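First to last, the protein sequences are chains A and B.
Residue 28 in UniProt numbering sits at position 28 of the first sequence, with consecutive numbering throughout.
Residue 32 in UniProt numbering sits at position 32 of the second sequence, with consecutive numbering throughout.
Derived from the structure by calculation, the hints contain no laboratory data.
Source: prediction; values computed, not measured.
For glycine and all other residues, C-beta sits at the position ideal for the given N, C-alpha and C.
Please note that a few of the clues may not be correct.
To be verified - Computed footprint of chain B on chain A; a stretch qualifies when at least three of its residues, placed anywhere within it, have a C-beta under 8 angstroms from a C-beta of chain B:
id: 1; stretch: 315 to 323
id: 2; stretch: 347 to 354
id: 3; stretch: 426 to 438
To be verified - Straight-line alpha carbon distances no greater than 20 angstroms define the calculated EDC-like cross-link-like pairs of lysine to aspartate or glutamate that follow:
id: 4; chain 1: A; residue 1: Lys-240; chain 2: A; residue 2: Asp-201
id: 5; chain 1: A; residue 1: Lys-44; chain 2: B; residue 2: Asp-147
id: 6; chain 1: A; residue 1: Lys-44; chain 2: B; residue 2: Asp-179
id: 7; chain 1: B; residue 1: Lys-117; chain 2: B; residue 2: Glu-57
id: 8; chain 1: A; residue 1: Lys-128; chain 2: A; residue 2: Glu-293
id: 9; chain 1: A; residue 1: Lys-203; chain 2: A; residue 2: Asp-275
id: 10; chain 1: A; residue 1: Lys-44; chain 2: B; residue 2: Asp-180
id: 11; chain 1: A; residue 1: Lys-389; chain 2: A; residue 2: Glu-89
id: 12; chain 1: A; residue 1: Lys-389; chain 2: B; residue 2: Glu-57
id: 13; chain 1: A; residue 1: Lys-389; chain 2: A; residue 2: Glu-176
id: 14; chain 1: A; residue 1: Lys-240; chain 2: A; residue 2: Glu-264
id: 15; chain 1: A; residue 1: Lys-389; chain 2: B; residue 2: Glu-202
id: 16; chain 1: A; residue 1: Lys-389; chain 2: B; residue 2: Asp-149
id: 17; chain 1: B; residue 1: Lys-117; chain 2: B; residue 2: Asp-147
id: 18; chain 1: A; residue 1: Lys-202; chain 2: A; residue 2: Glu-228
id: 19; chain 1: A; residue 1: Lys-75; chain 2: A; residue 2: Asp-40
id: 20; chain 1: B; residue 1: Lys-117; chain 2: B; residue 2: Glu-158
id: 21; chain 1: A; residue 1: Lys-240; chain 2: A; residue 2: Glu-293
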Amino acid sequence: MSDARDPTQFDPIVPNTGEEYEPLEVFPEDDGFDLRPGADSCYKCSTCDTNCPVAEVDDDFPGPKFQGPEQWRLKQTDDDYEIDPSISECSNCLRCDTSCPSGVNLAQMHNTARGEYVDNQVSKLSVKYIRNRILANYRTSAYFASMFPRTANFFMNFGPVRWAMEKVMHIPSEREFPEFATQTFRQWWSERGGAKVHSDDKKIAYFHGCYSNYNTPEVAKALVRIYEHFGYEVMVPPQKCSGTPMFANGMLDDARRHAETNVEELTAAIEEGADVVASCTSCSMALRNEYPELFDIDGIDDLAEHTYDAVEYLRIHTDVRQELEAAEVSGELEEEFAYHAPCHARNQGLERQAIELFRDLDGVAVEDVGESCSGISGTYGWKSEKYEKSMEIGSEMFEHMEESEGTTGMTECPTCASQMEHGTGYEVRHPLELIEAALID
Amino acid sequence: MAIESDVLVIGGGLAGLSSAISAAREGADVRLVTYKQSTLRQASGLIDVLGYTPDGEGPLTDPYDAIPELPDEHPYRLLGEDTVREAMSMFDEVADTYRGGHTDVNALLPTYGGTVKPTARYPEGAAAGLASDDRDLLLVGFEAMPDFDAPHVAAHLEAAGVPFDVRGETIQFPGDLMDDAKVTRYAKLLENNGPVEVRGRERGARDALVERLNPLIEDEGRIGLPAVLGDADAAGVRAALEAELGIEVFEVPATPPSMPGVRLEDRLFEAFDEAGGNFESGNPVVSFDGQDRVETVYVDKQNARIPYSAEQFVLATGGLVGKGVESDREHVYEPIFDCHVEHSEDRYDWFDEAVFGEHPFAGFGVDPDAELRPLDSAGSPEFENLRAAGSVLGGYDFAAEKSGSGVSIATGYHAGRLAAQEAQ
Ligand SMILES: Cc1cc2nc3c(=O)[nH]c(=O)nc-3n(C[C@H](O)[C@H](O)[C@H](O)COP(=O)(O)OP(=O)(O)OC[C@H]3O[C@@H](n4cnc5c(N)ncnc54)[C@H](O)[C@@H]3O)c2cc1C
Ligand code: SF4
Ligand code: SF4
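Sequences are here, hints too, so could you generate the full structure?
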């Protein structure tokens, strides 16, 4: 038996993800990350393809196995190989990455390919590029809008404006723009005078992300109150966008600029003894997974190791489960909820924590509407050419929501929430709001 | 602190799910954590208990009959025939879309390759395809899915001497899907009767398929298609086709990736949820704390290490494919707890010279006691509260014996039940 790799799947020297991989210097001129272990581990079982919600509705989309390992190999053997434009049809849901039995890092492969495609093959003057850049830099638009929230809310959903946006920018007029809060979370935080609880050994640094700052500050406030309830000192360091929408649009340079600030500010908080928590599952995933995969910034691994989802952290470090078992909910949130686990929560193994936590909470029932993808995937569903596809992917989730007892939705992801609202007309809440309603009054 | 439960099952394949379900049915607070999706998505969806003896005798008529003749270290011998039967009846209750439980005798089913395979349980959707049924059979494949070459399969079956006439035809799937369209794409189109373009006109895919199949049927009593007939509502898709075609419709068990495997996996997770279990996927267990007992294991959640503690643990991480057993050039090992895995010092002894020979690596795994606790090299349990189930076990070669699913279900059932009883 030679040492060459045997093509059968039973080859016992297939590189495994459980151990350190020593990258072979086969392509020394390549200064990017080494994707070879991923390509080598793929044994073409197509499990990833059976999980891809885009391939399920789009006959022209070649699927994750092609986007990842196969395209990587093509790139290595053909110098003139250009990334297939279908990479922009991938919605970055990472279902493929969560599923691969061989641990192939499809997320990193897709992000890298998309970055390369946008850098080298997309005209920077095209309307779609400009539109994608605006969508990806949501934080900037939100920043301006939040200065005049009422005006922005009016204009963003004002018919003639939306008509023009559709015509000029290819932003689907069917979508409702998220409402901007009249007071951002950070404004509330400083008006309140910052933390109410101070502690030497229990500190968290809150990464609120753009959405709970500008659009849903009630989620952020719930987080603060819950953590203070458990005796934590909450820090709110300066921060920028997590970068998720930029990865998904192949704008890695933009993402990197934001990441640099976040890494610097958050590692400073870690040095003061804090762990980092995020209330948006795409943000926590970016900080702990995508950052170290895509960038090489001082402190980036330290940040990844210290970042948690806000509810997950409570489950590990507090007796939230017992307290909820003993509590009950009445009033506005005494409801049946239809819960959808966002893809990025799934990717972090958080897909069931809301169901589990609220199983024994009196006054509410939370039903999992299953594994279907909401289809919006951040900015994906905000593009006219993808709107129909995004709704077709989401249709299964809409049906499941309507079949479930609940008529209020629940999810951790703000963009999933807007798709759930859009497709069913349900109001959607964050698990933190329910914990707040149960434990604090 | 840590995330706590009575029983923690590591691994979400057939073995992990079987043990999680059996533990939850005993009333324990059970959690299942799994790294990625299991080999179920690649398996045919058939549940083999024992098709051949380790010496290659077979196909066996009654798998239970053969259990006493198996080698001492075989998992079925450790459990005993009765436990294997109990485990299979738990499977029958849970996987209510499966057939075959009415008899001990193996069923014979035609496969994608045109062979006839002995198996203990088969999806309802494959039932009309039984080789013991003597109705004539029409097989229809799709051009864009070359893995299932219907005329070729038909010729093979004839050569194998099946007791009926069989004919194969290949047609174009309505809408002319590209060559490597995903199985989920076919399944979804058929389930929703989704729109496809046929000669410039938009049609429902299922309706258009019926129109193509109808003229092909002569006087056959049944028609077999690739296993892409629906996802969540496979029975509904079949019923709709049968109503229009006027004959019974079945799916031929698939090559990877397999819709029947996907459906079974979904059903088992659902059953576990109904039994009150908790689960999560996407991240591996990488290490543990404890000496004689396992106290806590750590899940590597994308660089953050999350502690999970429990009274009892079940290791169901699969074999070399599932990553429950790993190897490098020097040795073969179990990566989480470093349980002992018996293997030759010399790497060249791991293989047989012949590609299809008897490869020792096929039987690599941890060797357990009768309670399924992995044993160290001296023959005592590695930990008091750790049991193992499924392909992570040694002592059998599922590919040669056609026993993969059966061993996973039986050992999973047993490990889960013992763990739950001890945890309470
Ligand atoms: C291609 C193929 C075809 C097959 N066809 C058939 C057939 O026709 N009939 C039949 O009866 N059997 C068949 N089998 C065999 C049968 O599917 C398997 O024997 C059985 O399903 C094994 O189940 P398992 O649960 O032990 O392992 P697996 O299915 O391998 O599952 C192991 C699980 O553990 C998880 N895991 C691994 N490491 C960790 C970790 N560190 N932390 C957390 N989780 C971890 C994995 O992600 C995986 O989900 C087939 C197998 C294969 C590979
Ligand atoms: S699931 Fe993983 S191993 Fe299987 S084809 Fe996809 S990338 Fe390759
Ligand atoms: S990230 Fe999602 S959309 Fe993209 S290839 Fe993977 S599964 Fe498909």
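Violations among the numbered hints: Going through the list in order, the structure violates hints 3, 4, 8, 12 and 16 and respects the others.
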